[in-house]
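**Student:** Top line first, the protein sequences correspond to chains A and B.
By our numbering, the letter at position 74 of the first sequence is numbered 74, and the numbering carries on one by one without gaps.
Heads up, our numbering is the position in the second sequence plus 1000, with the first residue counted as 1.
These aren't lab readings, by the way, just hints derived from the structure by calculation.
Just so you know, even glycine gets a beta-carbon here, dropped at the ideal spot from N, CA and C.
Where hints are given, some of them may not hold.
Claimed, not checked - Listed next, the in silico DSS-like pairs over lysine-lysine satisfying Cα-Cα at most 30 Å (straight line):
no. : chain 1 : residue 1 : chain 2 : residue 2
1   : B       : LYS1093   : A       : LYS156
2   : B       : LYS1271   : A       : LYS156
3   : A       : LYS88     : B       : LYS1315
4   : A       : LYS93     : B       : LYS1093
5   : A       : LYS88     : B       : LYS1073
6   : A       : LYS88     : B       : LYS1156
As the list claims (entries may be wrong) - Restraint ranges, calculated between C-beta atoms of paired labels, are given here:
no. : chain 1 : residue 1 : chain 2 : residue 2 : range
7   : A       : ASP199    : B       : LEU1118   : 38 to 48 Å
8   : B       : GLY1077   : A       : LYS156    : 32 to 42 Å
9   : A       : ASP199    : B       : GLY1092   : 29 to 39 Å
10  : B       : GLU1039   : A       : PRO53     : 51 to 61 Å
11  : B       : SER1248   : A       : ASP199    : 55 to 65 Å
12  : A       : GLU356    : B       : LEU1118   : 51 to 61 Å
13  : A       : THR333    : B       : GLY1182   : 28 to 38 Å
14  : B       : GLU1051   : A       : GLY346    : 51 to 61 Å
15  : A       : ASP199    : B       : PRO1043   : 44 to 54 Å
16  : B       : ALA1252   : A       : GLU335    : 28 to 38 Å
17  : A       : PRO353    : B       : SER1248   : 47 to 57 Å
18  : B       : SER1248   : A       : GLY270    : 51 to 61 Å
19  : A       : GLY182    : B       : ARG1249   : 24 to 34 Å
20  : A       : ALA329    : B       : ARG1249   : 51 to 61 Å
As the list claims (entries may be wrong) - Reference excerpt, derived from the structure (chain B facing chain A, CB under 8 Å, subset only):
no. : residue
21  : LYS1156
22  : LEU1159
23  : VAL1160
24  : GLY1163
25  : GLN1168
26  : ALA1172
27  : VAL1180
28  : THR1207
29  : ILE1283
30  : GLY1288
31  : PHE1345
Given next are the chains, with one letter for each unit.
Protein chains: 2
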Amino acid sequence: MRQLHAQDIEDIAVGAALLGTGGGGDPHVGKLMALQAIEESGPVDLVDVSEVPDEGLIVPLAMMGAPTVLVEKVPNGEEFPRVFEALKNYLGKPVFATMPIEAGGVNSMIPLASAAKLRIPVIDADGMGRAFPELQMVTFHLAGASATPMVMTDEKGNLVLFGTISNQWTEALARSATVVMGGSAMIAIYPLTGRQVKDAAIGGIVTLAQRIGEAIRRSRIESRDPLAAVLEVTGGLRLFKGKIVDVSRKTAGGFVRGEALFEGIDDYRGKTLRLQFQNENLIAVSDGNVLASVPDLITVLDSETARPMTTEALKYGYRAVVIGIPCDARWRTPEGIETVGPRYFGYDIDYVPIEERVSREWAKGGEPA
Amino acid sequence: MRQLHAQDIEDIAVGAALLGTGGGGDPHVGKLMALQAIEESGPVDLVDVSEVPDEGLIVPLAMMGAPTVLVEKVPNGEEFPRVFEALKNYLGKPVFATMPIEAGGVNSMIPLASAAKLRIPVIDADGMGRAFPELQMVTFHLAGASATPMVMTDEKGNLVLFGTISNQWTEALARSATVVMGGSAMIAIYPLTGRQVKDAAIGGIVTLAQRIGEAIRRSRIESRDPLAAVLEVTGGLRLFKGKIVDVSRKTAGGFVRGEALFEGIDDYRGKTLRLQFQNENLIAVSDGNVLASVPDLITVLDSETARPMTTEALKYGYRAVVIGIPCDARWRTPEGIETVGPRYFGYDIDYVPIEERVSREWAKGGEPA
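Extracted from the complex, chain A is given alone in its bound form (with noise of 0.2 Å):
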C-alpha cells in the first residue's frame, strides 16, 4: 500500500488518458474532481492487488455514456455516497474499496476522488487495461462475473438498480437509462469480492498510469524526447505522425462515434491514416493497411509534448504522433477477440497482433512490412 499525493494525481491523470485510448473524458475534468478530494479529505491509500481480503468488498466505480457529454455535465460528488449506500444496503454488507473499470482521463479519476471522499481505498488494477466503450468489456466479464448488481445515479439525486441474466442486458439497460439522464451518468458496477479481483483484474494499472505521466512529465523537464520516452514505458510503437485534416464525430445513443483523417509529416509524408473511434480508438488504417485494431491499444499524442488526445479533442491541423500499444494477453484469447475484437465493432477483418502488423521500419517512418 502506498499514498497518492496530487503530483500522483496529476501524473496518473495523463498516463490514464492515454492508455484511455481516446476515450474515458476528458483528463482535466477528472483530475480536478480528485485533486478537489484529496484537498479536501487527504491523500488516497492505494493497495496492491496481492493486499486485498479475498471476502471484501469491491466496487468500481465510473462515468457512463459519450465523453462529448462528460466534459459539460460533472458529477457534484453527492452520487458516490448514493451508490455505495444503495449497493451496501442491496448486498447487505460494507464497500471494502473502490477501484478504475478502465484507465480513462475521467474514469481513473473516478475512483480516486470518491476513495478520498468516502475515505476507503482504491485497488491498483482496473479491468481494462486501457478503456472500451461497452459494460462487457472487462476481463471480470471474461472471467464470468456478473455486472449486477449494477446502481447508477445522476446529479439530480435519481438512482437505478440493474439485476439483470446477463452482462449485454446490463448494457442494453444501462446505456438507455444513460440517455435518458442526459449522456452520462455514474455507475457503481461489477461488485466483487477481493479474490475475484486476485483472479481477474489487470493489476498494476494506476502505477503504470502513474509512469507514464511521470515519463512525459520528467522528458520536458530533462529536456528528453517525450515520445521516446513513453514508448519505453508502455512498450508501445510509432503508428503515424501527421496533421489531422478532417474529422467527423456525433454523439447518439449514448456513444460518441467518427473518424479523423491524418495527413503524414515528417518520416510519413505522403501517407494517409483513417483513425475511426467509438468513444475509443478502435482502428488505424494507413492508405488500405490496418496498422493496429482493438483490441490493442491507439491512442493520439501531441506530436511536442507527447501528451494523450482524447477523441473529443481532435480538431483540424493539430499536429500528432499516432502510436499503437499491445493490449493485456486476456484480450487476444478467442473469448477475448469475441468480446473486444473488430468483428465486434463491425470491421470485417480478424484480428492481428499489432507487432505483427507494424514493422520497425514503418515504427521509423519506412514502409509497412
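With chain A's structure known, arrange chain B on it following the hints.
**Tutor:** Below, chain B alone, put in the same frame as chain A:
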C-alpha cells in the same frame, strides 16, 4: 372482504376493459392468466378500502408498455414473486396486498393473478378509475406519493429498481427500460401504506368493473338492451354509432398511437367521428365538434353485444357504439387536468366535462347542444 371466483373474474375482465378506454391490454389474455392462477391456487380475497390496515404495505402491480406488444409477450408468472421479493428486500417490509393501478383488460387481471398465486389479498381500488398511458397519471401522484421505489422485470428474468426525484423521471426512465425489454414489462409501482390508499385511491373500482361485466352478461341472457344496461351502471352517455372506415396505429417509444374514423349509422347517419388514442382513447371529435376528451372516459363497444373493444381490436368494417363516461372528480381539479387533460396530450383545447359537451339530444342521435 369477499372472495372472487371464476365467474367474477370473467365479469371483471369485461367491465375493466370497458373502463380501460381502449388501453390496458387484451382482456382475453389477462383473464386467462387470472383464471389459471385461481384454478391452481383458489379464490382471491377482495378487500374493501375501509378494511385496509393503515400501516400495511400495498403494492400495485401492472404491465407497462404498448398493449399491441403485450398481447404477444405474456408474463409467465415468475415475475410476481420476483418483483415483490425485490421490493420487500429493498423496503424491509412484507407486501400486505396488491391492487390494480388502472382499469384495463390486462392490468385489472395481473393483480388478481398475482394475488391468487402469492396468496395475498387484492384491494378493491385503483389509482385512475380508468386507464391512462403514463405512470404519473394516478391519483396517488396528485396526492404527492412517489412512484418509487419501483421494480420492473421481464419474462426473461431481468430486474430494474428505480428510485427517482419525481414521477416524471420515473416515467421517462421506466419507459425507456420497457422499450429495451422488448416493448412491455411487469412493474410493481407506487408502494403505498394502507393510510395512503384510503386517502388517495379510487375505491370500489373492481366491484364497479364486475357490475359492468355482469350487466353486459345478464342483458344477453335476459334479452335486454346491453348498451342501456352499460349506460345505467356507468352513468355514461352515447357519443356515436358508426362503422369503422379507417384505422391507423403505430407502436413506437413504448406506446401505440393512432386514430380510428367512424361513419355514422342509424341515428348518426351522415355524421363522422374521429377517435384518437395513445394506448387509451384520448379524444372524440365529430365533424369538428369535440364530444369528449381526457380525462373523461371514451370507450368503443361492439354495437350488438356492448362488449368493449381495445384500440388494437379496432378494424375496418366493425360496427360500434362509442360511449363517454364522466371521470372521477379528482381528475377535474386543476392539478388533475394539468396531469391528464387534453393539453398534456398535445391538444389545444380546454377540458370541458362530457356532461356539458354532449346534450341528451345528441346522445339519442340528434344534433350537438
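**Student:** Now tell me if each hint is right for this structure.
**Tutor:** Results for each hint:
{"no.": "1", "hint": "B:LYS1093 x A:LYS156", "result": "holds (28 Å)"}
{"no.": "2", "hint": "B:LYS1271 x A:LYS156", "result": "violated (52 Å)"}
{"no.": "3", "hint": "A:LYS88 x B:LYS1315", "result": "violated (53 Å)"}
{"no.": "4", "hint": "A:LYS93 x B:LYS1093", "result": "holds (19 Å)"}
{"no.": "5", "hint": "A:LYS88 x B:LYS1073", "result": "violated (34 Å)"}
{"no.": "6", "hint": "A:LYS88 x B:LYS1156", "result": "holds (26 Å)"}
{"no.": "7", "hint": "A:ASP199 x B:LEU1118: 38 to 48 Å", "result": "holds (39 Å)"}
{"no.": "8", "hint": "B:GLY1077 x A:LYS156: 32 to 42 Å", "result": "holds (36 Å)"}
{"no.": "9", "hint": "A:ASP199 x B:GLY1092: 29 to 39 Å", "result": "holds (33 Å)"}
{"no.": "10", "hint": "B:GLU1039 x A:PRO53: 51 to 61 Å", "result": "holds (53 Å)"}
{"no.": "11", "hint": "B:SER1248 x A:ASP199: 55 to 65 Å", "result": "holds (56 Å)"}
{"no.": "12", "hint": "A:GLU356 x B:LEU1118: 51 to 61 Å", "result": "holds (60 Å)"}
{"no.": "13", "hint": "A:THR333 x B:GLY1182: 28 to 38 Å", "result": "holds (32 Å)"}
{"no.": "14", "hint": "B:GLU1051 x A:GLY346: 51 to 61 Å", "result": "holds (60 Å)"}
{"no.": "15", "hint": "A:ASP199 x B:PRO1043: 44 to 54 Å", "result": "holds (53 Å)"}
{"no.": "16", "hint": "B:ALA1252 x A:GLU335: 28 to 38 Å", "result": "holds (37 Å)"}
{"no.": "17", "hint": "A:PRO353 x B:SER1248: 47 to 57 Å", "result": "holds (55 Å)"}
{"no.": "18", "hint": "B:SER1248 x A:GLY270: 51 to 61 Å", "result": "holds (59 Å)"}
{"no.": "19", "hint": "A:GLY182 x B:ARG1249: 24 to 34 Å", "result": "holds (31 Å)"}
{"no.": "20", "hint": "A:ALA329 x B:ARG1249: 51 to 61 Å", "result": "holds (54 Å)"}
{"no.": "21", "hint": "LYS1156", "result": "holds (6 Å)"}
{"no.": "22", "hint": "LEU1159", "result": "holds (4 Å)"}
{"no.": "23", "hint": "VAL1160", "result": "holds (5 Å)"}
{"no.": "24", "hint": "GLY1163", "result": "holds (4 Å)"}
{"no.": "25", "hint": "GLN1168", "result": "violated (11 Å)"}
{"no.": "26", "hint": "ALA1172", "result": "holds (5 Å)"}
{"no.": "27", "hint": "VAL1180", "result": "holds (5 Å)"}
{"no.": "28", "hint": "THR1207", "result": "violated (37 Å)"}
{"no.": "29", "hint": "ILE1283", "result": "violated (28 Å)"}
{"no.": "30", "hint": "GLY1288", "result": "violated (38 Å)"}
{"no.": "31", "hint": "PHE1345", "result": "violated (21 Å)"}
Consistency with the previously given hints fails for numbers 2, 3, 5, 25, 28, 29, 30, 31, ordered from lowest to highest.
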